[in-house]
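J.: Listed below are the residues making up each chain.
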Amino acid sequence: MSSEKMNGIKFDPREFFLRREVMVIIVILALLTFLYSSRGVNIILTIFIDFAVFAIITMSLNLETGYTGVPQFGRVAAVIIGAFAVGAIPGRIMAAMMGLPSGLEYASDTVNFRLVPEITALLTTSYLYSLLFLLGSLAIAAVCGAGIGWLISRPAIRLKEAYLGISLLAFGDFFMWVGHNWTGLVGGSVPVNVPDPFRIFGGMRFTIIVLVIFVIAFLVFLYLQKLTKSPFGRSLRMIRDNDVSAGAAGKNIVSVRTQSLVIGAAIAALGGGLYVLYVSSVASIGFTRLTFTFWPWAFMMLGGIGSNIGVLLGVFLLSILRTMIVIFRYQWFGFLTVFGIDPLWLEFTLLGAVIIIVILFMPHGLVPEKIEPMLPKSRVRRVLERRQLAKEGAK
Amino acid sequence: MTPWMASGLVYASGLALTAGSITLLYIVTRTFNFAVASMATFGFYVAYTGVAIYGGLPYQYYPLVFLFGSFLGIVCYYGLNRHLLYRQAAEITLMMSTLGYDLVLLSFIQMYADFLTHTYRLFPRRVTMNTYDFELFGERAAAIILPIIAIVFLTALHMFLTKTKFGVAMRATIENPILAGASGINSDKVYLVSWVISGGMASLGGAFMAMAMTGSPTMGMFTIPLMFAGAILGGLTSLYGGILGGFMIGMTEYAGVFYLSQQLGPWVLGYRMGIPLILMAVTLLFFPRGLAGIPLSKYLKSLSGKKRGDGV
Chain A
0 MSSEKMNGIK FDPREFFLRR EVMVIIVILA LLTFLYSSRG VNIILTIFID FAVFAIITMS
60 LNLETGYTGV PQFGRVAAVI IGAFAVGAIP GRIMAAMMGL PSGLEYASDT VNFRLVPEIT
120 ALLTTSYLYS LLFLLGSLAI AAVCGAGIGW LISRPAIRLK EAYLGISLLA FGDFFMWVGH
180 NWTGLVGGSV PVNVPDPFRI FGGMRFTIIV LVIFVIAFLV FLYLQKLTKS PFGRSLRMIR
240 DNDVSAGAAG KNIVSVRTQS LVIGAAIAAL GGGLYVLYVS SVASIGFTRL TFTFWPWAFM
300 MLGGIGSNIG VLLGVFLLSI LRTMIVIFRY QWFGFLTVFG IDPLWLEFTL LGAVIIIVIL
360 FMPHGLVPEK IEPMLPKSRV RRVLERRQLA KEGAK
Chain B
0 MTPWMASGLV YASGLALTAG SITLLYIVTR TFNFAVASMA TFGFYVAYTG VAIYGGLPYQ
60 YYPLVFLFGS FLGIVCYYGL NRHLLYRQAA EITLMMSTLG YDLVLLSFIQ MYADFLTHTY
120 RLFPRRVTMN TYDFELFGER AAAIILPIIA IVFLTALHMF LTKTKFGVAM RATIENPILA
180 GASGINSDKV YLVSWVISGG MASLGGAFMA MAMTGSPTMG MFTIPLMFAG AILGGLTSLY
240 GGILGGFMIG MTEYAGVFYL SQQLGPWVLG YRMGIPLILM AVTLLFFPRG LAGIPLSKYL
300 KSLSGKKRGD GV
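These protein sequences, in sequence, are chains A and B. In terms of numbering that gives the first Met the number 0, the first sequence has 379 at position 380, counting the first letter as 1, and numbering is strictly consecutive. In terms of numbering that gives the first Met the number 0, the second sequence has 37 at position 38, counting the first letter as 1, and numbering is strictly consecutive.
Don't take every hint at face value.
[Stated by the list, open to error] Under 8 Å between C-beta atoms, here's a sample of chain B residues computed to sit facing chain A:
1. L79
2. L98
3. Q109
4. F114
5. H117
6. T163
7. I231
8. M272
9. L276
These aren't lab readings, by the way, just hints derived from the structure by calculation. From the three backbone atoms N, C-alpha and C, an ideal C-beta is built for every residue, glycine too.
Model the full assembly from the supplied sequences, consistent with the hints where possible.
T.: In structure tokens:
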């Protein structure tokens with residue numbers, strides 16, 4: 000390796016374009032241009048929303064599975080808690096402040112459909128109210144998520160890998176059924192409406208939502224990038240790779256794992272809350288483990304377990320492919336309708352096929368996890384130079 | 000028999016077979032098989048296609064159900080599991096690979112349901128298989144026939160594992176794969192046979208369970224936590240533990256829901272999934288290695304006065 004390359008000063012276009020990240024980004028941009036030219040800007044915004052919500056959820060999964068090594072098959076549990084919290088709590092607080100019914104009857108559909116427009120009307124009067132409502136909802140979601148993450152982590156820490164994965168999966172399903180049956184929480188089988196803090200923007204609502212969720216996803220990315228590069232992130236990876244040696248080195252395994260599960264659950268709940276605010280209603284039966292556990296797993300595996308940038312690219316690429324199947328299903332797979340088959344089911348085929356292909360042919364994903372040195376390269380070089388100087392000085 | 004007991008028996012026999020299928024495969028190949036969900040649903044659809052199009056009783060299609068499940072198992076083994084086993088993949092990777100296979104199968108099931116609706120004008124998305132059943136001794140025949148089929152099948156499996164040469168070779172591979180390989184046992188064949196048996200068991204279990212619940216394309220997807228709960232309750236180390244665990248999960252679900260809904264009201268029905276999960280959690284609390292971890296033979300021997308290790 001030449002010294003210029005090591006310094007990273009010289010720009011080598013061939014090497015740059017052969018890097019996997021860059022290649023994936025080029026593919027993504029090409030697909031987006033194709034979609035934009037054939038379907039217009041709205042489809043791009045839909046993809047962006049899908050991308051941003053699932054990026055938040057998948058990054059939280061990556062923190063727990065990729066960095067900590069917990070097989071989190073119950074991602075949907077934390078997402079559900081975030082969604083239910085936003086569906087149940089902020090609206091009730093507003094209703095109580097406005098002197099409207101705010102008890103169990105808030106979620107009943109006959110009351111709810113008259114209450115929520117009133118609250119939304121109040122929010123539309125001032126930007127400050129809307130902003131406070133948005134921030135308050137997200138804070139409530141994150142706090143509830145952190146709480147449930149801590150609760151789940153109590154028994155979970157002590158189980159082995161496969162046991163742990165299955166128990167988490169079962170609890171995720173259980174939460175969904177609770178929401179579906181307990182009408183006092185979020186309406187049970189009838190979806191409950193959520194006050195809309197974005198209504199104030201009128202026709203711009205959709206664009207603003209995309210922007211807000213995008214900014215939050217980016218902040219989460221920055222936070223996780225910082226977190227995983229910190230000493231805490233290093234102890235996470237140490238425990239993941241060998242918990243016995245990490246314990247011998249003095250790491251408190253239980254406490255580090257618990258912290259990771261709590262942070263991950265809070266972030267996932269944030270994602271669930273944002274999704275609910277975007278759809279502006281909560282239908283508990285929609286929070287299946289297929290959508291909110293298995294899709295994030297597929298995103299993460301395609302992107303590269305343990306690599307945040309890889310996860311982002313994986314989410315983006317798969318979200319585009321998924322949307323393309325939905326849009327072009329009659330054009331490309333129209334022959335299936337001859338047999339009465341709805342081509343929409345190909346979404347599941349795509350999901351399963353991606354998981355299988357990644358496992359068989361690309362076990363490390365599109366952008367494999369990089370081995371990160373403890374110190375940045377420039378600092379390592381400075382230390383070495385100083386040592387060299389000291390040696391020469393001694394001579 | 001009370002109605003809950005009849006459907007509970009049918010349902011529990013189905014869960015016992017599926018939980019046994021998960022356990023068998025886990026013991027032999029370390030693979031936690033998610034695809035059991037879709038294999039079970041496919042089992043139901045094979046039986047349903049038979050009775051709805053060609054007539055007759057559901058029971059006469061069960062050999063076909065078993066064969067189809069075995070076929071799905073063979074496809075999974077040669078297409079996926081074999082490569083990963085030789086690569087010595089981690090447990091989580093094995094589990095995820097079967098999840099991918101399960102989702103592909105799920106999409107095929109949905110397409111097949113569409114196909115049935117379109118071509119044969121059937122309603123395959125909400126099926127009550129009970130309507131194809133007949134009465135026997137004043138009971139639904141399923142409540143008598145299905146447990147008998149399950150017991151006969153499991154006895155045959157037991158005979159296969161203990162009395163035939165290949166069954167013994169299989170058990171040897173389970174006990175110690177390296178030693179078994181060194182003594183000339185073909186592990187590839189053992190893995191294949193375990194996929195064949197467990198695939199067939201899963202499909203048969205699905206066909207059983209459909210006799211007690213509404214059959215739908217997502218039937219397996221909704222019941223798989225309970226199948227796993229049965230396998231985990233059984234301890235994942237012994238085939239018989241898994242079968243017993245599945246049976247207990249099924250029976251407690253039906254008995255618990257029946258009892259609680261009489262005591263507390265019908266709202267309990269919605270939370271029925273919680274009952275077996277609580278049973279699993281409580282059992283794991285006292286016996287961390289499941290039912291198979293209960294030292295039953297020690298208790299029995301202490302009763303009969305024999306010392307440990309007398310007869311093997």
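J.: Next, verify each hint and record whether it holds.
T.: These are the hints, each one checked on the structure:
Annotation: L79 of chain B was flagged as interfacial toward chain A, and the flag holds, the nearest CB pair being 6 Å apart, inside 8 Å. At its closest, the beta carbon of L98 of chain B sits 6 Å from a beta carbon of chain A; the interface hint therefore holds under the 8 Å criterion. The beta carbon of Q109 of chain B comes within 4 Å of a beta carbon in chain A, closer than 8 Å, and the hint placing it at the interface holds. At its closest, the beta carbon of F114 of chain B sits 5 Å from a beta carbon of chain A; the interface hint therefore holds under the 8 Å criterion.
About 2 Å separates the beta-carbon of H117 of chain B from the nearest beta-carbon of chain A, less than 8 Å, and the hint is met. Restraint check, T163 of chain B versus chain A: the minimum CB separation of about 30 Å is more than 8 Å; hint violated. At its closest, the beta carbon of I231 of chain B sits 6 Å from a beta carbon of chain A; the interface hint therefore holds under the 8 Å criterion. Proximity of M272 of chain B to chain A holds as hinted, the smallest CB-CB distance being about 6 Å (cut-off 8 Å).
The restraint placing L276 of chain B at the interface with chain A holds, with a minimum CB-CB distance near 6 Å, inside the 8 Å limit.
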